[in-house]
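Novice: Residue numbers (this note's numbering), protein chains in the order written: chain V, 1 to 242; chain W, 243 to 462.
No wet-lab data here; the hints were simulated from the structure. The reader is advised that the hints may include incorrect statements.
[Unchecked claim] Taking lysine to any residue and the SDA-like style, the derived pairs with C-alpha atoms no more than 25 Å apart in a straight line are:
(1) V/75 with W/326
(2) V/55 with W/380
(3) V/130 with W/354
(4) W/284 with V/95
(5) V/104 with W/380
(6) V/156 with V/138
(7) V/75 with W/380
(8) V/200 with V/153
(9) W/449 with V/135
(10) V/75 with W/284
(11) V/106 with W/354
(12) W/380 with V/95
(13) V/110 with W/282
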Amino acid sequence: MTNILSINNLNVFYESFHAVQNISLSLNEREIVVICGPSGSGKSTLIRAIAGLEKADSGDIFINNKLMSEKEVFKNNIFGMVFQQFNLFPHLTIIENITLPLIKVKKINKSESIKIAEDVLNKVKIIDQKDKYPSKLSGGQQQRCAIARSLAMNPKIMLFDEPTSALDPEMINEVLDVMSDLASTGMTMIIVTHEMGFAKKIANKIIFMDNGEIVESNTPENFFTNPNKERTKTFLNQVLQH
Amino acid sequence: MVEVFPRLLPPLWVTIKVSFISLFLAFFIGLFFGSINSIYSKFNPINLVSRFYVWIVLCTPIIIQIYAAYLLLPKVGIKLDVFWVGVIALTFNSAGYQTEISRASITSIDKGQYEASKTLGMSLLTTMIYIIIPQAIKRMLPATANEASHLIKASAVLSVIALLELHKAAINLQGNSFKFIELLALQALLYLPIVLGTSYIASILQKNNDDKSSKIDLAK
Ligand SMILES: Nc1ncnc2c1ncn2[C@@H]1O[C@H](COP(=O)(O)OP(=O)(O)OP(=O)(O)O)[C@@H](O)[C@H]1O
Ligand SMILES: [Mg+2]
């Protein structure tokens with residue numbers, strides 16, 4: 001198995017507050033890592049620091065064993081990022097949301113970019129919505145569009161920060177299904193989520209964070225049935241009560 | 243009164259031209275400074291200069307700005323037709339207000355828009371041009387319409403540098419005919435449609451923008 005991502009001793013401070021503490025993490029190609037943990041434990045900060053949206057105060061990020069600067073990471077579209085709030089461009093139609101970055105960043109011509117956009121919209125099953133504006137779509141459809149938009153840029157690794165937390169319950173599954181499809185195509189993914197059933201099904205590795213640190217990193221089987229740490233058990237009891 | 247009406251039409255056209263050319267130029271200057279203001283920190287040199295500039299515009303009467311343009315431009319070797327001196331003075335004034343309008347609108351755009359653009363690999367310039375500014379312009383429309391009607395009315399002050407715009411023309415006619423009240427009323431009547439027309443166009447533009455995202459639904 002080839003290592004695609006290595007993070008060494010990553011630290012993020014907000015002023016004097018140590019939000020992400022000495023985190024090291026390594027990912028092979030096609031691997032899927034789920035990050036969970038209580039609110040404020042630093043999950044978003046970690047995934048955003050990986051994506052380059054939060055400035056790390058120290059630590060290195062290696063892509064395919066090569067140390068990469070933030071600039072190279074963005075230029076080469078290493079990561080695709082999916083946000084809790086979708087962050088679609090409201091003044092552009094669904095298809096324009098996808099073609100604009102292809103045209104402006106990848107310098108692909110218009111007709112070719114439309115082909116790529118239609119292809120990814122087919123994958124997330126919203127091709128029939130392509131000429132609408134985002135505000136006319138349901139939350140689930142908007143999030144699928146956001147996934148398609150990231151996917152179109154052909155990233156090496158997809159990052160998800162609570163992709164279903166802003167959705168009505170009946171729309172959660174359509175987004176999780178798209179993510180499962182993506183997993184089956186061999187996409188490497190890091191997912192922050194509270195959907196434990198989904199995590200159990202999809203993850204190769206589950207990481208539990210608390211107070212900015214990785215408390216436990218385990219296989220899904222062991223994580224749910226036989227966790228190493230007392231703190232993990234308490235957390236699982238809280239989230240799995242229902 | 244009816245016989246002087248046609249004589250006020252060419253000056254009315256001057257009023258419209260001087261106001262809208264200035265408004266248009268000031269729009270881009272405002273957009274530029276407004277963008278820089280909202281992207282970079284307060285202490286960036288361009289921001290310090292633009293804050294100072296806005297402060298000068300907002301804190302001095304327009305008549306002083308007009309006299310300053312009229313008297314100072316020739317001193318630095320810029321000799322222009324009085325119409326263009328008027329354009330420069332009004333542009334200088336309006337750009338100050340429009341910088342504030344742009345800054346407020348651009349700052350109001352959600353930071354998630356910048357983050358999504360960044361993770362898609364878009365440069366800050368591309369993000370501003372294709373993502374942020376188009377959304378900000380929609381939000382600017384009502385305030386810009388306000389500024390337009392403000393500027394049209396303020397253009398009357400250009401009479402002090404002898405630009406033959408509507409107000410100056412009316413003053414000249416007063417001198418000949420002594421019909422103060424009538425001429426005053428006539429001027430007011432002539433300003434009214436341009437100002438109302440401007441607000442009306444702005445409200446249509448605004449509505450168009452709001453509808454854009456619902457057009458598809460209406461078509462169904
Ligand atoms: N911009 C910021 N400035 C200061 N503190 C911040 C900032 N962003 C996050 N924090 C703090 O850092 C800590 C970690 O926040 P983070 O958003 O990473 O948590 P999280 O695990 O994603 O929580 P949630 O499940 O609620 O999304 C929190 O205590 C938060 O208050
Ligand atoms: Mg979070």
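Novice: None of the hints should be skipped; say for each whether it holds.
Specialist: Now for the hints, and whether the structure bears them out:
{"no.": "1", "hint": "V/75 with W/326", "verdict": "46 Å, violated"}
{"no.": "2", "hint": "V/55 with W/380", "verdict": "32 Å, violated"}
{"no.": "3", "hint": "V/130 with W/354", "verdict": "22 Å, holds"}
{"no.": "4", "hint": "W/284 with V/95", "verdict": "37 Å, violated"}
{"no.": "5", "hint": "V/104 with W/380", "verdict": "23 Å, holds"}
{"no.": "6", "hint": "V/156 with V/138", "verdict": "28 Å, violated"}
{"no.": "7", "hint": "V/75 with W/380", "verdict": "30 Å, violated"}
{"no.": "8", "hint": "V/200 with V/153", "verdict": "28 Å, violated"}
{"no.": "9", "hint": "W/449 with V/135", "verdict": "16 Å, holds"}
{"no.": "10", "hint": "V/75 with W/284", "verdict": "29 Å, violated"}
{"no.": "11", "hint": "V/106 with W/354", "verdict": "21 Å, holds"}
{"no.": "12", "hint": "W/380 with V/95", "verdict": "21 Å, holds"}
{"no.": "13", "hint": "V/110 with W/282", "verdict": "33 Å, violated"}
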